[in-house]
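Chemist: Chain A is fixed; fit chain B onto it per the hints.
As you go down the protein sequences, you meet chains A and B in turn.
So the first sequence is numbered by this note's numbering: it starts at 1 and just counts up by one.
So the second sequence is numbered by this note's numbering: it starts at 1001 and just counts up by one.
Since the hints were derived computationally from the structure, they do not count as laboratory data.
Treat the hints with care, as some may be off.
What the hints assert, rightly or not - Label-pair ranges, simulated between beta-carbon atoms:
(1) B:G1157 to A:D138: 48 to 58 Å
(2) B:E1027 to A:S48: 42 to 52 Å
(3) A:G137 to B:T1050: 54 to 64 Å
(4) B:D1123 to A:R83: 20 to 30 Å
(5) A:G180 to B:G1079: 30 to 40 Å
(6) B:S1026 to A:P182: 20 to 30 Å
(7) A:G180 to B:R1007: 35 to 45 Å
Positions of the beta carbon are idealized from the N, C-alpha and C atoms, including for glycine.
There are 2 protein chains.
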Amino acid sequence: MTTRTGRVISGITVTADGYTAGLNQSEERPFGDDGGDGWGDKLHAWYSETADENQAEIEQMTAARAFIMGRNMFGPVRGEWDRQWNGWWGDNPPYHAPVFVLTHHAREPQPMDGGTTYHFVTDGIEAALAQARAAAGDGDVAIMGGATTINQYLAAGLIDELRLHIVPLTLGAGTRLFEGVPTLELEQVSSRAASLVTHVTYRVLS
Amino acid sequence: MTTRTGRVISGITVTADGYTAGLNQSEERPFGDDGGDGWGDKLHAWYSETADENQAEIEQMTAARAFIMGRNMFGPVRGEWDRQWNGWWGDNPPYHAPVFVLTHHAREPQPMDGGTTYHFVTDGIEAALAQARAAAGDGDVAIMGGATTINQYLAAGLIDELRLHIVPLTLGAGTRLFEGVPTLELEQVSSRAASLVTHVTYRVLS
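Looking at chain A on its own, in the form it has when it is part of the complex (with noise of 0.2 Å):
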């Protein structure tokens, strides 16, 4: 018998109404109508404007040992993988290690550059978690996003800790973090402010 010592863990930024990404997401706005350029430069300028002060939780964001993200978040392609879309992160991603794709629609592993490997996995989110597991080792695994992902594995209670990183903006609409997610127990296990940004992370209980 082993004993797993990896967390499944989860980050990502909110709004203070709970928002990831506005409405109409797509290839040129990936993060949709979100009052500004649809890159998210408004969800995160605390990353982009005020590093500095934010190291620690930045670069908590890609220390895991294998990432799960759905497709939304690896790309705009839809349907079959009728183009050669390798993500949004250029030919070195900055995960450097195997990141399992959430999809409908089979594919062939695709390395890239400095240690990532993007694996497509068809046969749904636990499936996913067991190959990313096994690729983790003792280390954790990430569910990077987007939120309609992380909902699903919270209500499923596969999450052990989640990073919120909220931010000073409301949306109004588009994609919620927690939307169809039941009751849960959390623990505050730290919450730091920054200029641009408060961090609070939960543990999650049951």
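Modeler: Chain B only, in chain A's frame:
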């Protein structure tokens, strides 16, 4: 020409998913299905169990010079005032100032001990705010809640400062702060962690 020095502030306890009360609110369970006793024990543990840590925020809650609340926060009576309901807060309520209650049913002002008087306003949120501002002089007006009332004031652009007390719990359903409120630009004025809560104060810019 006079300069108004008092602000319109609002403070409320919200879950990590933005709810201020659960479903099925009633006289016996004013906070509805909140996973606790229905009296908000889980929502309000931060000030019932760790008051010493949160003295400044607790004092702020009743520091305004006039208050506004929705009828749902004032009490469980619906429709006509068919009984002498004088709020949840006993003979000497913690407001010590005029409290303007939004209602569709006229009622004479109700003086209480300690300086609180309940005034019943039937002509809408702007009329209530005008009366509260006149009563507050150069002091602050507090929009006390519930969230439905705060959301109306936010949507109308009438709140200057919003104080959220974010607690480690999600409800998944109920009354949600920011529901129906469009995009707001906020400025994070302060953010402070205590053991059972994160306090974040926002200035509403637009």
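Chemist: Which of the stated hints cannot be reconciled with the structure, identified by number in ascending sequence?
Modeler: Numbers 3, 4 - these are the hints that the structure violates, sorted from lowest upward.
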